[in-house]
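Participant: Sequence:
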Amino acid sequence: MKKKFFIIFFCAFSFYGFGQLSDLAKVEYSLIPKSDSNVGYSRIRALFNYPIKLKNDQFLFLGLDYSNIEIDFDAGINTFDTSIIQDFQLLDFSIAYTFKMNADWRFAARFSPGFSSNLVRDISFEDAVFSGDVVFIKDKKDDQTMKRPYRLILGVSYAGNRGIPFPLPFISYYKKFHPKWSYNIGVPSSNLQYHISERSRVKINAQLDGFNANIQNGLLVNNMDVADKVNFSLVTAGFRYEYKFSQHLEFYSILGNIFRSSAKLKDSNNEELISVDKNNTLYLRTGLRFKI
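Counting with my numbering, you get residues 1 to 292 for the letters of the sequence shown.
Rather than coming from a laboratory, the hints here were simulated on the basis of the structure. It is possible that some hints are incorrect.
[Stated by the list, open to error] In silico DSSO-like links for lysine-lysine, alpha-carbon gap of 27 Å or less:
no.	residue 1	residue 2
1	K140	K26
2	K203	K26
3	K203	K244
4	K53	K291
5	K291	K55
6	K176	K147
7	K34	K203
8	K34	K266
9	K203	K141
10	K175	K140
11	K141	K55
12	K147	K180
13	K180	K138
14	K141	K244
15	K140	K100
16	K138	K53
17	K141	K291
18	K26	K291
19	K180	K140
20	K291	K176
21	K291	K203
22	K138	K100
23	K176	K140
24	K291	K147
25	K138	K291
26	K176	K138
27	K140	K244
[Said to hold, decoys possible] The following label-pair restraints were derived from C-beta to C-beta distances:
no.	residue 1	residue 2	range
28	F59	F130	19 to 29 Å
29	W105	L220	48 to 58 Å
30	D74	P113	28 to 38 Å
31	P113	L255	28 to 38 Å
32	F251	D87	20 to 30 Å
33	N223	W105	57 to 67 Å
34	R260	D74	18 to 28 Å
35	D87	Y194	33 to 43 Å
36	R260	K291	25 to 35 Å
37	T79	K53	46 to 56 Å
38	N269	D122	22 to 32 Å
39	M101	T286	30 to 40 Å
40	N217	Y183	42 to 52 Å
The beta-carbon is built from N, C-alpha and C at its ideal position, and this holds for glycine as well.
Please model the entire structure based on the sequences and the hints provided.
Facilitator: Written out as structure tokens, the structure is:
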């Protein structure tokens with residue numbers, strides 16, 4: 001079971017990291033029904049990257065990534081005031097740069113400062129989060145001279161909102177081995193895709209969701225401790241359907257099962273104070289994106 005979780009966990013980070021670099025615009029909605037759990041979760045997200053063409057196939061991207069998150073707690077929770085941490089705002093400003101190194105390889109890097117907080121007062125440095133990606137891409141997916149097109153991505157990714165205090169490796173190899181089938185394997189990513197038509201496909205998909213945020217003014221827990229951070233994370237696996245309206249505009253929808261979830265309150269030293277009971281099983285996400 002531990003081995004299975006390890007594979008799914010790193011696969012999820014892979015999707016997260018590359019998606020941030022390839023999306024020019026995105027609007028999506030995520031939902032985890034509370035069901036029999038003590039906590040539910042919904043998220044509305046909007047992302048925008050503005051490309052600026054430089055010279056010799058070089059591009060600069062300026063972007064914004066905003067999320068509004070609402071947490072639905074069970075009315076029976078009495079160990080802390082749930083009303084203080086029901087609503088969170090996340091905003092990242094990003095600057096990315098990419099250029100072609102040679103005929104085969106492209107380099108891309110992104111830096112994103114931002115904040116993640118319940119915003120009951122003015123923003124402070126305690127609300128700040130930082131993210132970044134560095135990748136090298138060899139993309140032969142559209143090479144008509146190749147019998148089996150492929151794409152190779154090598155790099156490293158870090159995001160303060162993930163709650164992992166170190167960079168994560170990114171190695172991904174995509175190949176279309178049949179007119180209807182393709183796969184993506186590597187360290188850490190793997191998936192299997194069935195291409196229904198030129199416009200639509202379905203995937204067996206793994207996904208990481210959740211967030212970390214600062215709790216402004218703190219939150220009294222169990223009448224003795226003060227929580228300064230909230231951490232909500234989960235790993236899901238399920239089916240993802242994608243439909244392309246055009247080469248770059250795409251609709252997607254995910255129906256997944258939650259393999260592992262975590263809802264924690266932490267102090268200023270990142271030590272866990274309390275964990276909220278969670279038995280959620282269903283994960284839903286849908287959105288529209290304009291991508292490279």
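Participant: If a hint holds in the structure, say so; if it does not, say that too.
Facilitator: Checked hints:
Restraint check: the Cα-Cα separation between K140 and K26 comes to about 25 Å, which is no more than 27 Å; the hinted pair holds. A C-alpha spacing of about 19 Å is found between K203 and K26, which places the hinted pair at or below 27 Å, so the restraint holds. For the hint pairing K203 with K244, the CA-to-CA distance comes to about 14 Å; that is within 27 Å, so the pair holds. For the suggested pair K53 and K291, the alpha carbons sit about 16 Å apart, so the restraint of at most 27 Å is met.
Distance check on the hinted pair: K291 and K55 sit about 21 Å apart at the alpha-carbon level, within 27 Å; holds. Proximity of K176 to K147 is assessed by CA-CA distance (about 9 Å); at most 27 Å being required, the pair is judged to hold. In summary, the hint linking K34 to K203 is supported, as the alpha carbons are separated by about 26 Å, within the 27 Å threshold. Proximity of K34 to K266 is assessed by CA-CA distance (about 22 Å); at most 27 Å being required, the pair is judged to hold.
For the proposed pair K203 and K141, the alpha carbon gap of about 17 Å is at most 27 Å, so the pair holds. For the given pair, K175 sits about 9 Å from K140 by alpha-carbon distance, which is consistent with the 27 Å threshold. Restraint check for K141 and K55: satisfied, since their Cα atoms lie roughly 24 Å apart, inside the 27 Å limit. Distance restraint check for K147 and K180: the Cα-Cα separation of roughly 14 Å lies within the 27 Å cut-off, and the hinted pair is therefore satisfied.
As the CA atoms of K180 and K138 are separated by approximately 22 Å, the hinted pair is consistent with the 27 Å bound. Between K141 and K244 the CA atoms are separated by roughly 16 Å; this keeps the pair inside 27 Å, and the hint holds. Among the hinted pairs, K140 with K100 is consistent with the structure: their alpha-carbon atoms are about 14 Å apart, no more than 27 Å. For a cut-off of 27 Å, the pair hint linking K138 to K53 stands: about 20 Å separates their Cα positions.
Our distance criterion of 27 Å between C-alpha atoms is met by K141 and K291, whose separation comes to about 15 Å. Distance restraint check for K26 and K291: the Cα-Cα separation of roughly 8 Å lies within the 27 Å cut-off, and the hinted pair is therefore satisfied. The hinted pair formed by K180 and K140 meets the criterion: a straight-line CA distance of about 17 Å does not exceed 27 Å. Among the hinted pairs, K291 with K176 is consistent with the structure: their alpha-carbon atoms are about 20 Å apart, no more than 27 Å.
With a CA separation close to 18 Å, the supplied pair K291 and K203 stays within the 27 Å bound. Restraint check for K138 and K100: satisfied, since their Cα atoms lie roughly 10 Å apart, inside the 27 Å limit. Distance restraint check for K176 and K140: the Cα-Cα separation of roughly 10 Å lies within the 27 Å cut-off, and the hinted pair is therefore satisfied. Between K291 and K147 the CA atoms are separated by roughly 25 Å; this keeps the pair inside 27 Å, and the hint holds.
Restraint check for K138 and K291: the C-alpha separation of about 17 Å stays at or below 27 Å, so the hint holds. Taking the CA atoms of K176 and K138, the gap is near 15 Å; set against the 27 Å cutoff, the hint holds. Taken as a hint, the K140 and K244 pair is honoured in the structure, with Cα atoms around 20 Å apart against an allowance of 27 Å. In this structure the supplied range 19 to 29 Å holds for F59 paired with F130, their Cβ-Cβ distance being about 22 Å.
Restraint check, W105 to L220: a C-beta distance of roughly 53 Å satisfies the suggested window 48 to 58 Å. Take D74 and P113: their Cβ atoms lie about 35 Å apart, and the range 28 to 38 Å holds. The given range of 28 to 38 Å is respected by P113 and L255, whose C-beta atoms sit roughly 34 Å from each other. Taken as a hint, the range 20 to 30 Å holds for the pair F251 and D87, whose Cβ atoms sit roughly 28 Å apart.
Under the hint 57 to 67 Å, the C-beta atoms of N223 and W105, about 58 Å apart, fit the expected range. The beta-carbon spacing between R260 and D74, approximately 20 Å, falls within the hinted interval of 18 to 28 Å. The hint said 33 to 43 Å for the Cβ distance between D87 and Y194, and at roughly 39 Å that hint holds. At about 28 Å, the CB distance of R260 to K291 agrees with the hint of 25 to 35 Å.
Distance hint for T79 and K53: a CB-CB separation of about 54 Å, consistent with the stated range 46 to 56 Å. Checked against the given bound of 22 to 32 Å, the beta carbons of N269 and D122, roughly 24 Å apart, stay inside it. Judged by the Cβ atoms, the range 30 to 40 Å given for M101 and T286 holds: they are separated by roughly 36 Å. Under the hint 42 to 52 Å, the C-beta atoms of N217 and Y183, about 49 Å apart, fit the expected range.
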